[in-house]
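Visitor: Below are the chains, spelled out letter by letter.
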Amino acid sequence: MEKTEFKTKLRRVIKAGFFNFWRSGYVSLASIIVTVITLSVIGSVIFVSAVLNTTMDELRNKVDINVYFITTALPEDILSLQKKIEALPEVKTVEYVSREAALENFKLQHENDQITLQALEELGDNPLGASLNIKAIEPSQYEGIANFLNEENILSSGGEKIIDKINYFENQVAIGKLSRIIDSAERLGLAISLALVLVSIIITFNTVRLTIYVSREEISVMQLVGASKNYIRGPFVVTGVIVGLISGLLTMLFFFPICYWLGGTTQNFFIGFNIFDYYLTNFIQILLIVIGSGILIGALSSFLAVRKYLKL
Amino acid sequence: MSIIFDNVSKKYSDNYVALDKVSFAISPNEFVSIVGPSGAGKTTLLKMLLAEEKPTEGKVTLHNIDIHTLSGQDINFVRRKIGAVFQDFRLLPNKNVYENIAFAMEAAGRPDDEIESDVPHVLELVDLGHKVWNFPTELSGGEKQRVAIARAIVNQPDIIIADEPTGNLDPANTYDIVQILKKINDLGTTVVLTTHNKGVIDSIGRRVITMQDGKVIRDDPSGKYIL
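Protein sequence lines, in the order shown, are assigned to chains A and B. Start counting at 1 in the first sequence, then tack on 163, and there's your number in our numbering. Start counting at 1 in the second sequence, then tack on 3, and there's your number in our numbering.
Here chain B stands alone, though its shape is the one from the complex (with noise of 0.2 Å):
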């Protein structure tokens, strides 16, 4: 699933800019890394791609379709082939760790006998076999952040977008995430990282695209963190 922001701005009613004309496609199966300092606008561009802000200019565009003329029940359609991992891990407290991962399998309405089988498998993959009945209180930064990776691939998305995964993780947890999702990336998953953190960009080698104030200054096909 390609995905194309055309000249996407976004204005709030302060005036502030969050985004200016922001332009650049990605096609599927790529590693794009979007870096820049705090208020660059990568986080304002990750929300664009879940639907949960509209630009004021332009259009985003996921497989040739602008989703932001889709109604709530086609936006819903299109989370659930995106992939979603946040800096505060976001899992629900009140669950599981199965739970939150059976959770975004019913609530893309799969039957019961695939979500037995899938949960276990894809926390393998993630190495939390072992923590499946813990509650996320239970769970270190790394373990919760796992979950959620594990949660976001879960339904097979076309797209896993992750705004700033490592930002609240040691460098250990933060090598093992980064790995996850370069695995996730091999195995034919689209993957869009915000960072800040320089080593993570350096270690992975692909592209980058560099952001300030709002702005796309740099857009590099193998890049190194420059700013």
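Same shape as in the complex, but just chain A (with noise of 0.2 Å):
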């Protein structure tokens, strides 16, 4: 190696390593094929991590207590109940709706209701309190606000009693258990996704492991010839880096489609959380994972490979 540059030792290298991948056909083919499982499984993780994610915020955002007032509160005791309560750590916000507005959406409710508009109609006054609807920034925050009203409830304005009900006592269970289901939805997972991930790149590397076997009489020959290390290394991990390269393409081309398909299913069942817009939004992002994990996984196991055979 002393006469040559590092620049023409590169180019017959990769050259090398381009026409070692040709030649080989079914060889790089059957790596192509593992890296792509292998890819995929890193591709679903990303979606489906995804879909977890939007859709426990989803359910956290639906999670709130209502606060409902008797009909004769008046509306400046209400506000500055909720100056107080938006004034708490853990109150994300609070959204005060007034009497007209809950007769409104009352009726907007019950809009092919025809007997109970007529009943409403029929009673002349409007029997709706106002409300207070609070969320908090964690599920689990909710009794600490809950508890906080109850003792409030006692200081209201004149010495009556403004609050209606508290509607967390009724959902407290419901509550606590969607908060732990939150919780443990993500921490397995986050479990499961490793595993998988885990396992697939194992297995890549075991039928890379494979093919630098079938090459084994090769490695040693070129070793014969006198070849350096690297020298003998370099082509198959370009051939690596290839195989990844085009899995990874690839995987990213399977994923269009299926995205596609479960697109519209996505949306109607996760809560508005689109597969095929989230596909498109983080195409770049996804794509440089998809390829950086098979290109690493490539050269990696490659290196390692050859390395097994390489005795001197």
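Derived by calculation from the structure, the hints in this document are not laboratory data. Using N, Cα and C, we set each Cβ at its ideal position, and we do this for glycine too. Wrong hints could be hidden among the right ones.
[Said to hold, decoys possible] List of simulated lysine to any residue pairs, SDA-like, C-alpha gap at most 20 Å:
no., chain 1, residue 1, chain 2, residue 2
1, A, 328, A, 260
2, A, 298, A, 338
3, B, 98, A, 176
4, B, 98, B, 124
5, B, 50, A, 380
6, B, 98, A, 393
7, A, 172, B, 117
8, B, 98, A, 174
9, B, 84, A, 391
10, A, 471, B, 55
11, B, 50, A, 472
12, A, 172, B, 102
13, A, 178, B, 112
14, A, 172, B, 120
15, A, 170, B, 115
16, B, 14, B, 72
17, A, 474, B, 74
18, A, 474, B, 73
19, B, 98, A, 377
[Stated by the list, open to error] To list a few chain A residues with every Cβ distance to chain B over 10 Å, as calculated:
no., residue
20, 204
21, 216
22, 252
23, 287
24, 328
25, 426
26, 451
27, 467
[What the hints assert, rightly or not] Partial chain B-side listing against chain A, Cβ under 8 Å, derived:
no., residue
28, 53
29, 79
30, 83
31, 87
32, 93
33, 95
34, 96
35, 107
36, 115
From the two separate chains plus the hints, produce the assembled complex.
Guide: In structure tokens form, the structure reads like this:
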């Protein structure tokens, strides 16, 4: 290697890697298939975690506490209570729904229910009280907020109770369960993803090892001719990189129709999350992760596999 | 480059003795044949020259250097000075004839223009100018061995090692290969040949070292195959 420059050596290694890839067609194809499977697992983990995260966020958003006030409660009293609640650190938002707004909502909900609307008409007066909808940052914080409101109840204006009911105490069990489910779903998802990714990487490593096992005679001949370790290893690593690159592109290509097909279904099933939109908006990021993992797995497994047959 | 085997022994882990205190010297430009039955230690001897095997005792020196004290990089350097030819040819199956020979030159760090001019030249020398772009699977045994010889000599080595190079060949090809080896020797390269073939030895008429059970039992300056 003394007489040639680094550039010449690099060019020879890359060329040999390409020829190696092209001429051992079936072996390269087998490596590509296995690598595509591994990269699909990695890609799926990205998609599944996106689905999980948005779904969990949506679920968290669905959980809230509604404080219903008696019909005679004054809006000023309610608004001053709203300010007090907003000052709590664990509260994200507090929404005030006036008596009139509540009536409008009710009418809208019972648009097609003539009997109910008629009954409301006959009543003449607005039977609904105002309410405050409170959202916490974490579902586990609702209990604290509810307890705060319970104590606050006693200190209402003019000495009389203005709070009719707080629905937390009715939904307490459901909210607690939901927050536990969210936590364990996230933890379980992470563990399963890691296990799947690990298993498929190990399978790819072994496949690449087998393809290089086929070349062990070749490697020993190269050594007998006096080729240096890096000069022997180089082309195999280049072949690994090519396999990784092609597998990455193929995987991204396969995800297109799959995401397109799943797009509508996911939108209906997971509260507003469209997997196809996610694929399109995060395309570059997913592409880089998938192709990067492909190249890394291909190159590293080739490097390690050849090392076994290099004696000196 | 002179080769010296000094009291070399090789014992394997099961106490099998492949070589038993072997000593001899080969001067530059000699043509030496090593003969003997299978298991006599001929191949082990050649493997030690290529630093593929380490002796249990004694030392092998090439040009006054004990080759088993060398590091990996220096062993590569020594191997580029030795051309090796084997009974099973050992060509690179995924490379064509041109690339097989070019690989040896690339491994030795030779520049592109030298490779482009030397490879066709050396293929003419072994009479394979018309098979440059064929792959090993498309060649006959004799042709494969001639490619192997071309690869062995392309870096102008000091020594050619040929381990039963005619073992898989018919008489006509055997004759051709022996003639090529003689020609290489005439051009100034040391040749070390192992063989079973009585006809080959008798036709060469040069030094013959006879081995049996890991020992040198005869060393004739212009020997015949006697066992």
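Visitor: Between the alpha carbons of residue 98/B and residue 174/A, is the straight-line distance 20 Å or under?
Guide: 17 Å, holds
Visitor: Run the distance test for residue 14/B versus residue 72/B: straight-line Cα separation, threshold 20 Å.
Guide: 19 Å, holds
Visitor: For the restraint on residue 53/B, tell me whether the closest CB of chain A is nearer than 8 Å.
Guide: This hint holds: residue 53/B lies near chain A, its Cβ roughly 6 Å from the closest one there, short of 8 Å.
Visitor: Regarding the hint that residue 96/B lies at the interface with chain A, is the smallest CB-CB distance below 8 Å?
Guide: 7 Å, holds
Visitor: Please work out if residue 172/A and residue 120/B have their alpha carbons no farther apart than 20 Å.
Guide: Holds - the C-alpha atoms of residue 120/B and residue 172/A are around 19 Å apart, at most 20 Å.
Visitor: Less than 8 Å between beta-carbons is the criterion; does residue 115/B satisfy it with respect to chain A?
Guide: Hint holds; residue 115/B Cβ to chain A Cβ min 7 Å, cut 8 Å.
Visitor: For the pair we were handed, residue 98/B and residue 176/A, check the Cα-Cα distance against 20 Å.
Guide: Holds. Residue 98/B to residue 176/A sits at ~14 Å (cutoff 20 Å).
Visitor: Does the structure keep residue 50/B and residue 472/A at a Cα separation of 20 Å or less?
Guide: 17 Å, holds
Visitor: Quick check on the hint: residue 93/B CB to chain A CB, less than 8 Å?
Guide: Result: holds, 5 Å to nearest chain A Cβ.
Visitor: Against chain B, does residue 204/A hold up as non-interface, every C-beta pair farther apart than 10 Å?
Guide: For residue 204/A, whose nearest Cβ neighbour in chain B is about 31 Å away, the distance exceeds 10 Å, so it holds.
Visitor: Would you mind confirming whether the straight-line C-alpha gap from residue 474/A to residue 73/B stays at or under 20 Å?
Guide: Cα-Cα ~14 Å, so holds.
Visitor: Was residue 451/A rightly flagged as not at the interface, with every chain B Cβ beyond 10 Å?
Guide: Holds, because the least Cβ-Cβ distance between residue 451/A and chain B comes to about 32 Å, which exceeds 10 Å.
Checked against the numbered hints listed earlier, the structure breaks none of them; every hint is satisfied.
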